[in-house]
Amino acid sequence: MAIRLLINLARFAVTYVAATVLVFLFMRAIPGDPAQIALGVNATPELLAQTRAEFGTDRPLVVQYFDWALGLPFGDFGTSYVTRQDISPLVLDRVQVSLILVVLAMIVALLIAIPFGTLAAVKHRSAGGILVSGLSQLGVAVPNFLAGILLVVVFAVGLGWFPANGWTPPGQDFGDFASRVALPVLALASVQGAILTRYVRSAVMEVMSEDYLRTARAKGLGKMEALFKHGLRNASIPVLTVTSVQLAALIIGAVVIERVFVIPGLGSMLLDAVGNRDLLTVQSVVMVLVAITLIINLVVDVLYTILDPRIRKAS
Amino acid sequence: MTTQPAAVVRSTRRRPAPTLLIGAALVLLVVLAALISFVWTPYDPVQAAPADRLQGSSAAHLMGTDRYGRDVFSGILYGARITLLVGLVAVGIALLIGTPLGILAGMRGGAVEEVSMRAADILLAFPALLVAIMFGAVFGASTTTAMLAIGIGSIPGFARVARSGTLQVMSTEYVLAAKASSQGAFRIARRHVLPNIAGMVVVQCSVSFAIAVLAEAALSFLGLGTPPPVPSWGRMLQESQQFLGTYPMLAVWPGLAIAVAVLGFNLVGDGLRDKFDPKLNGGR
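The listed protein sequences correspond, in order, to chains A and B. Just so you know, UniProt numbering puts 210 at position 210 of the first sequence, and the rest follows in order with no gaps. Just so you know, UniProt numbering puts 68 at position 68 of the second sequence, and the rest follows in order with no gaps.
In isolation and in its complexed conformation, chain A is listed as follows:
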């Protein structure tokens, strides 16, 4: 088991480092001198040289890479060439907002998916099960920003229950936070919930056809009882896989949802930086998003090892 964990860690490290190189090289692929862009065409050579030294872009590319990449794990992202401000405090501020959104959405999505998916599997031949399957199929086809817009049309514009957009930090005014976070979380969670429902359904269906469940039934356990005692742990493994994949998808989905609901998260920061051609900020925020994705994958791989005795013993 220890060896397996080490392999997981090593894979994570290799993937992470490769990702930093990829992102760095890609963002430097464009021609153009950041100092020249910042100062305009009329800058004097002295000022240009001074600005280059200030940005650190006069150094070799390898040195620039290590300067950036080694700062990343410590939350040091450097200074934006466009706003001339330190990127780190803003990232740390924004990442909290995005994580709140993503974690809440995943919790709500699982609260939708686990009961409904199980129901759809257990009653897969009755009207209720077919209805759930059909609805989840429909939900998968709705992009989250469309779900967001429809929710705004109904609950903000139509019924006036929630504000249409905006953000309040939970520490500042919790009631206001709750009312503002409801629609974006629901927009993300409804689509994720639909996707996860399908996976929960097929995982439970698969488990229900296993021999050990038949044995449990033969022992005299009821259908649900057998499922709870023997089935759900086994069904949890494929669901865990897809949850991790979907968590990564949620982080990207949040980028779009933040745009719909004007929420100051990482996504808005990224898109604003793209708009301003603030490449160092784009590079850093992209890397934060990728790192979060990789960390989720690592955690899930470790969880597997703990959950599944077959994997645990294999090493």
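Accuracy of the hints is not assured; some may be wrong.
[As the list claims (entries may be wrong)] Partner residues are not named here, just some residues of chain A that face chain B (Cβ under 7 angstroms, in silico): (1) 15; (2) 139; (3) 141; (4) 145; (5) 146; (6) 152; (7) 282; (8) 293; (9) 294.
Simulated from the structure, these hints should not be mistaken for lab results. For each residue, glycine too, the CB sits at the ideal point set by N, CA and C.
Could you slot chain B onto chain A? The hints should help.
The following block gives chain B in isolation, referenced to the frame of chain A:
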């Protein structure tokens, strides 16, 4: 009691063609819209007509007009073209790069497999949308960057499917026989592996197409896809946002179009998956 497991398996397999049929019908609808837009649209989809702005549905404007007086129905028809173009090119890129990579990884094993699967893992950490945002930052927004980015983002999916299929085929006796009769690796790949994993790859095409449609819509919505004035569903949706209080139908039409396209390709993928061996696609 003993018949129960068999019944469960059979019922998933017998799940009849409706999914496939409905999906195919929806896809056909989108394809028809795109084809029709080449020869006819009720109005010029990019022609502004300030006098007719923000009208509701009527006989003259089936889906009403937007804030510049452009006919929404014409825009939806034309937008189908962009959606299908981006989907086709993106899936094409992913298919042509991902499938051979996956087959290679599955047949060679060892270092080749480890390297190509790690490469797929790295790419997997960059979802299509993120790649597209990076492309947009560096090269500016265009249909081409959107297609490229979504295509690159879809490669790992194909590589994984092709690899797991190849691994299964390689363990069969007919491949062993082919090896024993000293057939070359390329011949085995072409004669035995490719035909046997084709079904799974076709399913992946359909699923990836749905994802590409979603990604394209999201990119256009964010202003990183097809630039104006060419109509695209995502941007129509984005432009509708300021009129949600007054003209919500402006959001509903492009939203419906996106949902129909995604649902269509998803259902076709599901239907085909049921048609081919369902067990084959159960894994990661």
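Going through the hints against the structure:
1. Among the interface hints, the one on residue 15 of chain A holds; its C-beta lies about 5 angstroms from the nearest C-beta in chain B, closer than the 7 angstroms criterion.
2. Taking 7 angstroms as the C-beta contact cut-off toward chain B, the hint placing residue 139 of chain A at the interface is violated, the least distance being around 10 angstroms.
3. Because the beta carbon of residue 141 of chain A sits about 4 angstroms from the nearest beta carbon in chain B, less than 7 angstroms, this interface hint is met.
4. The interface hint given for residue 145 of chain A holds, since its Cβ lies 5 angstroms from the closest Cβ of chain B, which is under the 7 angstroms cut-off.
5. Look at residue 146 of chain A: its Cβ gets to within about 4 angstroms of chain B, closer than 7 angstroms, so that hint holds up.
6. Interface hint at residue 152 of chain A: satisfied, since its Cβ lies 6 angstroms from the closest Cβ of chain B, which is below the 7 angstroms cut-off.
7. Given the 7 angstroms rule on beta carbons, the hint for residue 282 of chain A holds: about 5 angstroms separates it from the nearest Cβ of chain B.
8. At a threshold of 7 angstroms, the smallest CB-CB gap from residue 293 of chain A to chain B is about 5 angstroms, leaving the interface hint in force.
9. Hint status for residue 294 of chain A: holds, given a least beta-carbon distance of 5 angstroms to chain B, under 7 angstroms.
In this structure, the one hint that does not hold is number 2.
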